[in-house]
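Given the coordinates of chain A, assemble chains B and C onto it according to the supplied hints.
Read top to bottom, the protein sequences are chains A, B and C.
For the first sequence, my numbering gives the first residue as 1, with consecutive numbering after it.
For the second sequence, my numbering gives the first residue as 1, with consecutive numbering after it.
For the third sequence, my numbering gives the first residue as 1, with consecutive numbering after it.
Only true hints are included.
Now the stretches of chain C that chain B is said to cover, found in silico as 3 or more residues with beta-carbon under 8 Å: (1) 130–136; (2) 142–150; (3) 255–269; (4) 291–303.
To be clear about the criterion: a stretch of chain B counts as covered by chain C if any three or more of its residues have a C-beta under 8 Å from a C-beta of chain C, and this derived list gives those stretches: (5) 23–34; (6) 74–83; (7) 89–96; (8) 201–215; (9) 252–261; (10) 264–270.
Here's a subset of chain A near chain B, in silico, CB distances under 7 Å, partners left out: (11) Asp-72; (12) Ala-75; (13) Gly-87; (14) Phe-89; (15) Glu-96; (16) Val-100; (17) Ala-101; (18) Ala-104.
Hints were generated in silico from the structure; no laboratory data involved.
C-beta atoms are modelled at their ideal positions from N, C-alpha and C, and glycine is treated no differently.
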Amino acid sequence: MSGLRVRGLRAGYGAAQVVHGIDLEAGPGEVAVLLGPNGAGKTTVLRALSGLVRARGSVSMDGVPLLGRSPDEIARLGVAHVTQEDGTFAPLTVEENLRVAARARPRPRRGVSEDVARVFSHFPVLQAHVTQPAGTLSGGEQRLLALGRALMARPRLLLLDEPTRALAPAAGARLFRTLHSINRHEGTTMIIVEHSVAAVLEVAHRMYAMESGRITGLRTRQRW
Amino acid sequence: MLQQILQGLGAGAGYAALALALVLSYRFTGIVNFAQGELAMLATYVAWQFIEDGLPYWVALPVTVAIAFLAGAVTERLVIRRVSGEFGLVVTTIGLYVLVNALASLVWSSTLRVFPGPFPDAPPGLAALGAAGLAGLVLGALVLVLRHTGLGLVIRAVAADQRSARLSGIRVGWVLAIGWGTAASVGALAGVLLAPALFLEPGMMTGVLVYAFAAAVLGGFGSARGAILGGLVVGVTETLAGTYVGFVGADLKIAVPLVVIVAVLVLRPQGLFGAPLVERA
Amino acid sequence: MNAVAAGRRRVAVGQVAGDRRQVWPWRRTALAAVLLLAAALPFVLPPYRLFQVTLVLVYAVALLGLDLVAGHGGQISLGHGAFFGVGAYTAAVLISRVGLPYPLTLPVAALLAFGLGLAAARPALRLRGLYLAMISFTVAVVVPPLLKRLSGLTGGAMGLPVPTPDDDQVLYFLVLAVTVAAFAGVRNLTRSRAGRALLAVKAHPAAAEVLGMRPATYQAHAFAWSAMYAGVAGALYTWTVGFVAPDSFGLALSITMLAGAVIGGLGSLAGPLIGAVVVLALTSEVNPAAPGLVSGALLIVVICLAPTGLSGLLRRAAGSLLRRRS
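Chain A with its partners taken away, still in its complex shape (with noise of 0.2 Å):
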């Protein structure tokens, strides 16, 4: 277990390149945050780990590299991507929703059941609409099914994007103490991008601070 490394990764939209060679990591249980304001590139960043966008360099996350795969199979290798979009599926419902997200994960997919019953508990609002289709959900809701989701398939390596944007601040906070609590029992590796940097204060072992395309700072925790 040897955790994210990423080593000059560039990457961009045809001929708009937006990020322009960085250096990331997070050791195997390691929280990552970038920060940094918007256009910066750190939505790109995620979408290139992911495979949503092509990229160049180098990414490996526990030895296996990443770069050139199709978004499926970096899914299937464990990496769960939470978008800023919605991430949903719409006419399913909350439960179908979850119990699909469970194909990423690899056979035999035991324990789906008890997995969507981890996931109420770390959001109980999703019962409350267990049999309704997610598309009838409000903002923040659908927020926290797609984050639902991504744990639905027990992931090594989650990226997260924003996660706090449709949230009330007192959702927001707890969402984070959720996200602590997941990284801490079940020891996943996360990349966060936030804006404010007092939301992650609490989560984060790394941060890292990002400006047009380039990774202009980096703090790290010692005491955890």
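Just chains B and C now, with coordinates in the frame of chain A:
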């Protein structure tokens, strides 16, 4: 009049099946597959060939449906996959329309051929009802698979949001192929059910495609339920209009779907069950 | 930035519209040479060949119209065979039943086709372009039976013969004049504000709407203009061929025209001309299956491998040739 309605329902079941095939292709690839009817026609010719060569009807039918499934899946993987952009995709399906039609003419010539119905010994009204019932059974089975199996769940997820499906580890490429295969099978069913009345010839399904458009639009393009209901309504309306409205007569029945489409788009663009399809960015 | 320099990047179909600052140097002399050649043809070619060239010009006008909608507008219309037929039948009926002199049938056909195009486009274009494709397909299927039904006016399924001008060469020059005017018209249209607005709408309808353009209006007007072009071409067809029959103007013609437009190359001025040659080739084949196989296969191959059509390929070839020289 009852006879007419039953006949209309029988035809409507065929239109409903082709409309459902259109909706399936639409849900997976986001375009109207103009070749849906021709693929169905080709499958019907294949069935005809099997029956000509001695295979009993009830064996030829499932075999043909299976072959159609494969053909649809292969078409998606080989052709549709390689084209990007709505314009290119639709034009490709038009190209397929022309190609498949010409292929059928080449192999089987344009001679009209007789195609047996599923219940040849039954009186016509009952036979039509039986055909509708058969279609209903198959479609019902499809719905069961979609709603209650793991595979169905995956298929519905891909139809809802391809990108999220990829991020959930689903092999979207295979699912798309399955989607098109299913659409082709349903289309084949439509062809086989309609061929007895229309007589098998290469141009058989062009008119049906028009009826299927009307059915899908009436139902709300994108709604499977709507396509089925729309097909039945269009079938009955067409038959009644052909008999009782003087100007329409037998040869201008094809104008009925045009009227339906325009009426729906002007009065209620989202059809019976759909969401309003505004111009997307 | 031209598509040539972009290399192997996959170009969306018709995307080359607008970047016409391409590789033809000596453009004016080339144009003059082409016109001179065109004017000389009637004195050089045997009558049947002249007939074929005239037909190519006729189809070119129709394809110019279709290109407005498909190439510049990015929409799919399968109804242009019907508009062509409307123009053809209008001219035929006016000449043979009313006795109107030839040149007057042109504006009537043009106006009628324009009006029908506008009426047809409004409801469909408020929604996704797929509806236009479906409706135009349906119209194309309905038109031949309708024409047969109105047999009192149209001569029914047997068709309507129309006396053609005695002098082939005069006819050719008439058609050539209209064709040149049509090309000039399209060139002006696409360079005008309306033309550029149309391109903006095609590229990003939502953004265009935010900027104050109403996509549906621009597209509807473009559609009406293109219908008019097809109607004019139809009238020219009647002048040239001297016979109209309902089955000639159905779905097959619409598809052949679309195929010609795509294969010739969308969004360029040379494309419709090349496409017209393709249409002529496809409509004069004797074996019914052969044109289908060829056009269907060609259409798919072009979309997959050469989205800019034959004119795009020629442009690339000319471009690389010229670069090698310098």
